[in-house]
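Colleague: Residue numbers (UniProt numbering), protein chains in the order written: chain A, 1 to 144; chain B, 1 to 144; chain C, 1 to 144; chain D, 1 to 144; chain E, 1 to 144; chain F, 1 to 144.
Hints may be right or wrong, so weigh each one.
For identical chains, the list gives no copy identity; a pair is met inside one copy or between any two copies.
To be verified - The calculated lysine to aspartate or glutamate pairs, modelled on EDC-like cross-linking and capped at a C-alpha distance of 16 Å, are:
hint	residue 1	residue 2
1	K28	E135
2	K144	D69
3	K140	D44
4	K144	D44
These aren't lab readings, by the way, just hints derived from the structure by calculation.
Protein chains: 6
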Amino acid sequence: MLVLPILATPALAQDGNERRATGEAALKRITGSDGRAVVDALGDMAPELGEWIVDFAYGDVFARPGLSDAKRELATVAALTALGNARPQLEVHIGGALNVGCSPREIVEVILQMAVYSGFPSALNGISAARSVFEARGVKVGEK
Amino acid sequence: MLVLPILATPALAQDGNERRATGEAALKRITGSDGRAVVDALGDMAPELGEWIVDFAYGDVFARPGLSDAKRELATVAALTALGNARPQLEVHIGGALNVGCSPREIVEVILQMAVYSGFPSALNGISAARSVFEARGVKVGEK
Amino acid sequence: MLVLPILATPALAQDGNERRATGEAALKRITGSDGRAVVDALGDMAPELGEWIVDFAYGDVFARPGLSDAKRELATVAALTALGNARPQLEVHIGGALNVGCSPREIVEVILQMAVYSGFPSALNGISAARSVFEARGVKVGEK
Amino acid sequence: MLVLPILATPALAQDGNERRATGEAALKRITGSDGRAVVDALGDMAPELGEWIVDFAYGDVFARPGLSDAKRELATVAALTALGNARPQLEVHIGGALNVGCSPREIVEVILQMAVYSGFPSALNGISAARSVFEARGVKVGEK
Amino acid sequence: MLVLPILATPALAQDGNERRATGEAALKRITGSDGRAVVDALGDMAPELGEWIVDFAYGDVFARPGLSDAKRELATVAALTALGNARPQLEVHIGGALNVGCSPREIVEVILQMAVYSGFPSALNGISAARSVFEARGVKVGEK
Amino acid sequence: MLVLPILATPALAQDGNERRATGEAALKRITGSDGRAVVDALGDMAPELGEWIVDFAYGDVFARPGLSDAKRELATVAALTALGNARPQLEVHIGGALNVGCSPREIVEVILQMAVYSGFPSALNGISAARSVFEARGVKVGEK
Numbered sequence: 001m002l003v004l005p006i007l008a009t010p011a012l013a014q015d016g017n018e019r020r021a022t023g024e025a026a027l028k029r030i031t032g033s034d035g036r037a038v039v040d041a042l043g044d045m046a047p048e049l050g051e052w053i054v055d056f057a058y059g060d061v062f063a064r065p066g067l068s069d070a071k072r073e074l075a076t077v078a079a080l081t082a083l084g085n086a087r088p089q090l091e092v093h094i095g096g097a098l099n100v101g102c103s104p105r106e107i108v109e110v111i112l113q114m115a116v117y118s119g120f121p122s123a124l125n126g127i128s129a130a131r132s133v134f135e136a137r138g139v140k141v142g143e144k
Numbered sequence: 001m002l003v004l005p006i007l008a009t010p011a012l013a014q015d016g017n018e019r020r021a022t023g024e025a026a027l028k029r030i031t032g033s034d035g036r037a038v039v040d041a042l043g044d045m046a047p048e049l050g051e052w053i054v055d056f057a058y059g060d061v062f063a064r065p066g067l068s069d070a071k072r073e074l075a076t077v078a079a080l081t082a083l084g085n086a087r088p089q090l091e092v093h094i095g096g097a098l099n100v101g102c103s104p105r106e107i108v109e110v111i112l113q114m115a116v117y118s119g120f121p122s123a124l125n126g127i128s129a130a131r132s133v134f135e136a137r138g139v140k141v142g143e144k
Numbered sequence: 001m002l003v004l005p006i007l008a009t010p011a012l013a014q015d016g017n018e019r020r021a022t023g024e025a026a027l028k029r030i031t032g033s034d035g036r037a038v039v040d041a042l043g044d045m046a047p048e049l050g051e052w053i054v055d056f057a058y059g060d061v062f063a064r065p066g067l068s069d070a071k072r073e074l075a076t077v078a079a080l081t082a083l084g085n086a087r088p089q090l091e092v093h094i095g096g097a098l099n100v101g102c103s104p105r106e107i108v109e110v111i112l113q114m115a116v117y118s119g120f121p122s123a124l125n126g127i128s129a130a131r132s133v134f135e136a137r138g139v140k141v142g143e144k
Numbered sequence: 001m002l003v004l005p006i007l008a009t010p011a012l013a014q015d016g017n018e019r020r021a022t023g024e025a026a027l028k029r030i031t032g033s034d035g036r037a038v039v040d041a042l043g044d045m046a047p048e049l050g051e052w053i054v055d056f057a058y059g060d061v062f063a064r065p066g067l068s069d070a071k072r073e074l075a076t077v078a079a080l081t082a083l084g085n086a087r088p089q090l091e092v093h094i095g096g097a098l099n100v101g102c103s104p105r106e107i108v109e110v111i112l113q114m115a116v117y118s119g120f121p122s123a124l125n126g127i128s129a130a131r132s133v134f135e136a137r138g139v140k141v142g143e144k
Numbered sequence: 001m002l003v004l005p006i007l008a009t010p011a012l013a014q015d016g017n018e019r020r021a022t023g024e025a026a027l028k029r030i031t032g033s034d035g036r037a038v039v040d041a042l043g044d045m046a047p048e049l050g051e052w053i054v055d056f057a058y059g060d061v062f063a064r065p066g067l068s069d070a071k072r073e074l075a076t077v078a079a080l081t082a083l084g085n086a087r088p089q090l091e092v093h094i095g096g097a098l099n100v101g102c103s104p105r106e107i108v109e110v111i112l113q114m115a116v117y118s119g120f121p122s123a124l125n126g127i128s129a130a131r132s133v134f135e136a137r138g139v140k141v142g143e144k
Numbered sequence: 001m002l003v004l005p006i007l008a009t010p011a012l013a014q015d016g017n018e019r020r021a022t023g024e025a026a027l028k029r030i031t032g033s034d035g036r037a038v039v040d041a042l043g044d045m046a047p048e049l050g051e052w053i054v055d056f057a058y059g060d061v062f063a064r065p066g067l068s069d070a071k072r073e074l075a076t077v078a079a080l081t082a083l084g085n086a087r088p089q090l091e092v093h094i095g096g097a098l099n100v101g102c103s104p105r106e107i108v109e110v111i112l113q114m115a116v117y118s119g120f121p122s123a124l125n126g127i128s129a130a131r132s133v134f135e136a137r138g139v140k141v142g143e144k
């Protein structure tokens, strides 16, 4: 598919209201109130980054139909564990994985798997992040 | 569960034959012949690394029951896309994702999502890896 | 500034046509035809990523008034040199830096500086990328 | 230009006194007292690292004429935001960017741009670093 | 060397008891009680990761004869300093390097060398980790 | 040790001739002709980076007495394997490790160990780099 000239772009992104509404809904469904807190905290300093999170990250990307919320969150937990330099965001998405129906077991399994792909330190630090989130929520890790 | 002293370790890892058998089966189921090729190519130089791949990465980690093959492979594709420095392995696991039943659409969606978590360059390079694998397999990306 | 509810969002992103137009203009101004080629090459596989590049990366982010094109491109060259895993994109943005008026000297200086912040290998590989771009364009590095 | 044998090296680095003087001046001009504190804190453990910071990082690299202090600091802020694993140094250089005349707006714009090149988590964590520095200095982010 | 079928695998890994015993001994010899604490802390959440540390990381990898403990620990300190995102593990291995007979001087030299290969920020943060460990142990850095 | 004012700097770096001589000698001893080739290839584009490699990386850092050449090269091989984004430099230093007396076995062991600290992909790609160097030199990996 080619990108068509401006005057004839049937595949243009949704208009602003639609992206905002879609994004707000996805942000809430996936991150509960954690994502809202992140966006609001950007307050006076960088409100645009908060808008991009809602409109682009959640409105344009996360809300797309081709991949379930559960798979999206597990993929995000994997990536942030592997990167090892984004602890706050990893905690938000471990919580998000729980919110969308991933079991604590599934979340732990994804992090454990990163011992193979990005090394044991990354997996240890990912488990530490999961512990913080699970303890705050009173969640226990079962067999499934 | 505490790690018990050696003389009383009921939870010890499987014995060598079991781990090898489990690993070989998982390696084949997930990577087809690609993983075998990687292990064999380690030849005279580092056969131990090949054994660890079979016994540990696949036998101990990948074959665990708490997370489906499909979710494991999507998580691995996400992590390797985010890391951006493991193209050969990313291609193996994009192929692995197809082998275990992920659709090309799901694989592309995971890579696209990395535009948010590790940046557009990582997503672009991940799409490039997926293109190589899909073209080699005559696979097309559909709606689902 | 708080993010207001949908029904009263005076700060909503531009509508689709505006973002597309802004993005296309910035993409051309900064990357010449290189960015167009990247977007077009996403073809059937991931046209959405191409749209996000135009609408978000260039329309929403790059075209913002608070930082000059020259400073934006030098910052991008620095970041991609430091990351060391995005050679194709680094080459596009070294070209982009030339397009927006940065001198070859300025570009080389930014890359050299990364020897301090991300190490000599990253700087060496960045210089290699700059060499490819400069040779293709017949550009020489002067004193300024 | 070839590197000539020792006996005929017209392009030798400045002698020790010159590099030290140049470095001390640049360190002060760019980092205020923050850089001095970093160097001094290396105290008994690694004074050589402090000397290399002054003589090499600032004397040989940062003080070079081909790129303005402002562009150097914005490039450094970009790279350290993208790397995401050097928070203390990122804060020093956000402060350095202010010291050499970059506006808070320009600094925020560079960090926001990293949402595209190294992902939203890196940009969020960069904004967090900028917040710490700006609050400590009573700085507000304006339009320019 | 090809990986032979299960029924004829003379090169199979040691059986479980051997790997566990080898691993426990290496863990203790190298990390003192620090490694034991890491393994135990994985408690209810991820005991498998603790077992993999003992059996694989120490039993299969670290205990191998072809490289001395001292060289193994210096290599690990170098890698974790360069990665810059694994501070807890870097501290464990700085301690491990001391345990196996590396001098504080050798450890500092490895970290300083990372200023060249992964940049000054990584070296500064590595020195900070070393300071924590040395102070806790009352260790001073001498000439050798 | 405090950094003293310019007028009384007994701990100043060596003067230019000394650093250059020390650096050239270390460059040759450790990298054979490979390092020379890297420095020379910086030619017209970035001769300063070549000078910094000789004077700083080798003259000031690598030639320091507190750590043997063998340990320095093994540490560098470990770090560059872990980083995974500096293949050309990793090859130079695998060669350097051979030049200073490390056995092929020791080099392979360091790379294998990175499977634990930075993941299997990094180790696989490091083995690939070692294979290139060993084959070019007709080197075989023995038991020690």
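Colleague: The structure should be examined with respect to each hint, and the outcome stated for every one.
Modeller: Here is what the structure says about each hint:
1. K28 with E135: Close neither inside one copy (22 Å) nor across copies (30 Å); limit 16 Å.
2. K144 with D69: between (18 Å within a copy, 14 Å between copies)
3. K140 with D44: between (38 Å within a copy, 9 Å between copies)
4. K144 with D44: between (43 Å within a copy, 14 Å between copies)
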